[in-house]
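Work out the full structure: start from the sequences and follow the hints.
The listed protein sequences derive, respectively, from chains X and W.
With UniProt numbering applied, the first sequence corresponds to residues 1 to 275, in that order.
With UniProt numbering applied, the second sequence corresponds to residues 1 to 284, in that order.
No wet-lab data here; the hints were simulated from the structure.
Hints are all accurate, no fakes.
Listed next, the in silico EDC-like pairs over lysine to aspartate or glutamate satisfying Cα-Cα at most 20 Å (straight line):
no., chain 1, residue 1, chain 2, residue 2
1, W, 131, X, 45
2, X, 104, X, 163
3, W, 131, X, 56
4, W, 131, X, 53
5, X, 104, W, 11
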Amino acid sequence: MTAVADLTVATQGPRRKLGKGRVAAWLVLIVAALYFLIPIAASVEFSLRGVHDTHDLSTWENLFGQPGFVDNLITSLELAAGTVVITLVLMVPTTAWVHLRLPKLRRLIEAICVLPLVIPAVVLANGVLVAFRGGPNWLTGTPVILALEYVVLALPFTYRTLDAGLSSIPLTTLVEAGRNLGASWLTVLLRVVVPNLRTSILNASILSAAMVLGEFTIANLLLMNTLPVWTVQAGQQDGEVATAASMLILIVTWALLLLMSVFGQRGARRTGRSG
Amino acid sequence: MAEQKVRRRLDLLGLLPFLAYVAVFLGVPTISVVVGAFQDDAGGWTLGNIGAAAGDPYLHAFVVSTEISALTAVIGAVVGLAIAFAVSASPPGGALRQVVSTASGVLAYFAGVPLAFAFIAAIGSQGLVTKWLGSAGLDISGFSLFGFAGITLVYLYFQIPLMVLVIFPALEGLRPQWQEAASNLGASRWQYWRLVGGPLLLPPFLGALMLLFANAFAAYATAAALTNGIIPLVPIQIAAVMSGNVAVGQENLGNALGLGMILIVGLALAGYAWMQRRTSRWLR
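Now the structure itself:
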């Protein structure tokens, strides 16, 4: 507790620059940085290990040649694309409609969208298995079911992102202008709402794609093969290959999210808003 | 009037695709779990699954899951708060804030499977840190990543960033004017924190604790990838039941365990939402 109290001294401003609090604050940040960076650095090192204490790129070079790797990578990419498409088709019209016509129901829709947080992924997978047991094969026997469930898993993120985007534009005015000029609802949606929401739509897409690329629980329990599932299976034989594959997942996910934060800052600057 | 009513009904129709989707892909599976928890294999009603889930070895899993979740929530909350404090001392809009907030968002939600391999690469038996410490004469090979302490260490990797994300807005919301006002009235720094800052931060802190607890309780991927399912956590037990490692006549046991998870996670998240509402009164 006293350590925490000490840290706050630094909030006092520049005149306490070299105070005890400042030192403690940096100490906390350095220790934290080490804790968070060392496992990542170790992963990189591990994936570069060659024979007899040497380091080379052989694991990475062989990664794409590993049996099943490319197939599962493609499945995961297709799943990400499918999830993004379903999410956008379902959620962009719905959130826009709620903002436009049913603003009183915003809290309710938000509550529904955070519900997936209450149902742990393991339980959802179990429920899917029980509920759709007799379902048609194209649904339950293929990754189609995964994409459909990933849309649900991503709802808390995607709804919030789209909702924030809609709150920041004069939606009613824009839509009325479009409608008064004789445009159909579909035209208004595609040519007025979507272009004005492009940053939010992009962010929602990136968030769901990133989530899908790393998702292991549901895919594994429904016995589907995706990149994370393949990675864990590979880890039982070859730690280096699995570490390289998991680094790949991490790099792609983080690159996507970094892209999002870059776009987010550009958007904020353009509209003169912070955050 | 009547026309308005009709229009309102038509407006509600616009929600139909969304509601139907959520009902089918979230509602139906959830209801199947809840109903299945009270059914036997023939479809008759029973409390047998609940009884089995509340007895050993499953009770033990609930205890271990609760212990790990509570421990990582408390450590994660305290360390996360310390980091948030340290960052809040840096200038607003500075690079440090940018890095910490971006990194927190990424680490809190997107760890999963890679996290397990990262820790094996760091402090597993062949890990980088294990080797370093070994050459420095420190042998940590007795430390098992796959046990309670190991899981705790790994879970903190996503718990701490989540805490930073959740508590930072509250910390930022404490206005400097309040501190100035307190000190103008003769309050010491300690008095300010005891009587103003502390009480204001307590609800968001407790809320965050519950969020972290729920987060750890629901986590599966990292533990499964790390331990190959040998540590008795509730999600791992559910997975074992699902893959058929269970006695005959207990097919619905997984549903009963799932119901237990929903109740515990739901309760923790409800507590979080309640504290959030209290906080939002003075935040902004």
